[in-house]
Amino acid sequence: MSRLLEVNQLRVQIETQHGTVQAVRGISFHLDEQETLAIVGESGSGKSISVKSIMGLLPKNGKIVEGSILLEGKDLAKYSERQMQSVRGSDISMIFQDPMTSLNPTMIIGKQIVEVLKEHRRDMTKAQMKERALELISLVGISNPEARFDQYPHQLSGGMRQRVVIAVALACDPRILIADEPTTALDVTIQAQILDLMRDLQKKIKTSIIIITHNLGVVANIADRVAVMYGGQLVETADVRDLFYETAHPYTKGLLASIPKASDKGSDLTAIPGTPPDLMEPPKGCPFAARCTKTMEVCRQYPPKDMLCRGTHRARCWLLDERAKALRE
Amino acid sequence: MMSAEKKPLLEVKHLKKYFPVGKNQTLKAVRDISLNLYKGETLGLVGESGCGKSTFGRTVIQLYEPTEGTIIYEGREINNSLSKAERHEFTRKMQMIFQDPYASLNPRMKVMDIIAEGMDAHGVYKGQERKKKVIELLETVGLSEEHANRFPHEFSGGQRQRVGIARALAVDPEFIICDEPISALDVSIQAQVINLLKELQKKRDLTYLFIAHDLSMVKHISDRIGVMYLGSMVELTDSETLFDDPVHPYTQALLSAIPIPDPDVEKSRNRIMLEGSLPDPIRLSEGCLFAGRCPYAEDLCRKNTPEMKEVRPGHFAACHKAK
Ligand SMILES: Nc1ncnc2c1ncn2[C@@H]1O[C@H](COP(=O)(O)OP(=O)(O)OP(=O)(O)O)[C@@H](O)[C@H]1O
Ligand SMILES: Nc1ncnc2c1ncn2[C@@H]1O[C@H](COP(=O)(O)OP(=O)(O)O)[C@@H](O)[C@H]1O
Ligand code: SF4
Ligand code: SF4
Ligand SMILES: [Mg+2]
Ligand SMILES: [Mg+2]
Chain R
49 MSRLLEVNQL RVQIETQHGT VQAVRGISFH LDEQETLAIV GESGSGKSIS VKSIMGLLPK
109 NGKIVEGSIL LEGKDLAKYS ERQMQSVRGS DISMIFQDPM TSLNPTMIIG KQIVEVLKEH
169 RRDMTKAQMK ERALELISLV GISNPEARFD QYPHQLSGGM RQRVVIAVAL ACDPRILIAD
229 EPTTALDVTI QAQILDLMRD LQKKIKTSII IITHNLGVVA NIADRVAVMY GGQLVETADV
289 RDLFYETAHP YTKGLLASIP KASDKGSDLT AIPGTPPDLM EPPKGCPFAA RCTKTMEVCR
349 QYPPKDMLCR GTHRARCWLL DERAKALRE
Chain P
2 MMSAEKKPLL EVKHLKKYFP VGKNQTLKAV RDISLNLYKG ETLGLVGESG CGKSTFGRTV
62 IQLYEPTEGT IIYEGREINN SLSKAERHEF TRKMQMIFQD PYASLNPRMK VMDIIAEGMD
122 AHGVYKGQER KKKVIELLET VGLSEEHANR FPHEFSGGQR QRVGIARALA VDPEFIICDE
182 PISALDVSIQ AQVINLLKEL QKKRDLTYLF IAHDLSMVKH ISDRIGVMYL GSMVELTDSE
242 TLFDDPVHPY TQALLSAIPI PDPDVEKSRN RIMLEGSLPD PIRLSEGCLF AGRCPYAEDL
302 CRKNTPEMKE VRPGHFAACH KAK
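As given, the protein sequences belong to chains R and P, one line each in that order. Residue 222 in the numbering used here sits at position 174 of the first sequence, and the numbers go up by one each step. Residue 206 in the numbering used here sits at position 205 of the second sequence, and the numbers go up by one each step.
If you are wondering where the hints come from, they were derived from the structure by calculation, not from laboratory data. Here the structure is a predicted model, which is why all the values come from computation and not from measurement.
Going by beta-carbon spacing under 7 angstroms, a handful of chain P positions derived as facing chain R: (1) S50; (2) I195; (3) H221; (4) I259; (5) P262; (6) P264; (7) E267.
Where is the CB? At the ideal position from N, CA and C, for every residue including glycine.
Given these sequences and hints, build the entire structure.
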């Protein structure tokens, strides 16, 4: 069976005045039908650049230098900009962190949904498009769609705007919805509503979701599988329960440990010392070596290979090598 | 815990801060808040964005002139009758750390001068003494001497926040308002900054007002927590009680909305889902401000504004039905 989406050995570079940023350094992952994959990781670790390459939305100075992005077997990495235009919005849609920047402030929201339909659904009549737009507005949980159709984004609350962004993204029944920090700019009570909505919609319209987030609570809430990024690489991928309960990589362990727990009250939090590596000059060995509590000589010299832990659980760490068994814990 | 007979370091009484907006309209960013802060304690302040947390902090620290109400620090009321020197002394004792470590540091100044700015204004140290003090402060916050001659853009977010903390500490303050000091940082770096703040508090007997929207961090660092909604304080109690036994319906909804980083717990939880979003703060009706979203609202709530009352010793809530 071929996978819905399969990313293989993807490598992305960004040229800047000061040198080349190795933003994504050989990542591989897949996404199955109706699955939700969460990507987590430190700021600057390459999460947004990874999904932007899938969308063909890399900045002008950015380039895929290696690897493939297979959507049902077709390699998007080889697509021209024109081919990508027909993929975006119809096969794959993306929503961004700040709902205000993804909406046009000068256009009523109904029209913004209709515009997407005009681009991808030439078979629809004007009336059908309007009807579909109204249906989408109510699908994302906004009441009184007729009245809302004619409103401008600034007349809506932040949470409602993000619902509209989702409606626009879902207009053409995409196979894959990519959400880059969709709730980071929202309050927790609104975040809970949006997560609920995404879960609900996934069941109703059977899309697959890739969600990028910093928040491990959000991961636990919505993800089926999780990919952890660090220094431009995927350091661990696992089912959500394995990631939380059978954590394999020292960075993931550190991340989970730094969340305050009731038992931490009155004592220090378990912080990860130091800062993430500079992707202009990534370290030659393990990217986490400078901050890891388990660093060995080999870690600084050679990049660890992607190793299988159990089932589909993978991690990139020398501790998983047979020869390091005794050092694991 | 803070005992009742202890004298407060800071007393805020009926504080109001209104902003004029548009034509003849006012935005009541802070509506009648009273509270005490005791020496050495951390009071957390939580609530949704726009509920007035920053405005409250900025008014307390005299960055904004209060519309009404009094602020008493160590028994002295801070108002216009103070001499210039007394006012100066207050601004030294109270410092603020800001949310955005990027925006709050002058990009054209070297870290040395950023940190020394307050010392210079208060004329505390000069020359070699000044340099020595800056290096000492850098070390206190986990940076080092070689960082002194760098510019803010050469630092990571966590490091910039450390510079902001060093700047606040430079004038030996007693009371620091931390306005979302970790919101812009990665989870792994957040823990570093929180540990640093706690360590400094112990060493220097500092008092904190800690504003944040990440409730798990607030719970960790705070002795007591206040919950704000649309400019009002709706619940105030010690942090364990707030999490274990919240009595205000808004607090209950807020706590239930936080996603818990544990998939098994998260999947079996029952959430209180709030309908709608915050009403427009300019057009607010009479009665309880939460009535439009509250699952328990009744006629009384829409007519009368609930006052803050002590439901249990040290546990305050503003709800007609809170028991
Ligand atoms: N337009 C650009 N020009 C130059 N470098 C860039 C650009 N966009 C991203 N980068 C660099 O590429 C790397 C990966 O960036 P990316 O935006 O993917 O991070 P991220 O994981 O999404 O971080 P965050 O959590 O902060 O959103 C970083 O080193 C970043 O500085
Ligand atoms: N300088 C100002 N002028 C006018 N309105 C303001 C000003 N500062 C804050 N406000 C308004 O006051 C309310 C409370 O804001 P703020 O204290 O920043 O909230 P929080 O810190 O809780 O997010 C908001 O509606 C905000 O738009
Ligand atoms: S490879 Fe070495 S440095 Fe890297 S995470 Fe594993 S033990 Fe730590
Ligand atoms: S006073 Fe009434 S409306 Fe307000 S929180 Fe209490 S029960 Fe709800
Ligand atoms: Mg990003
Ligand atoms: Mg604020």
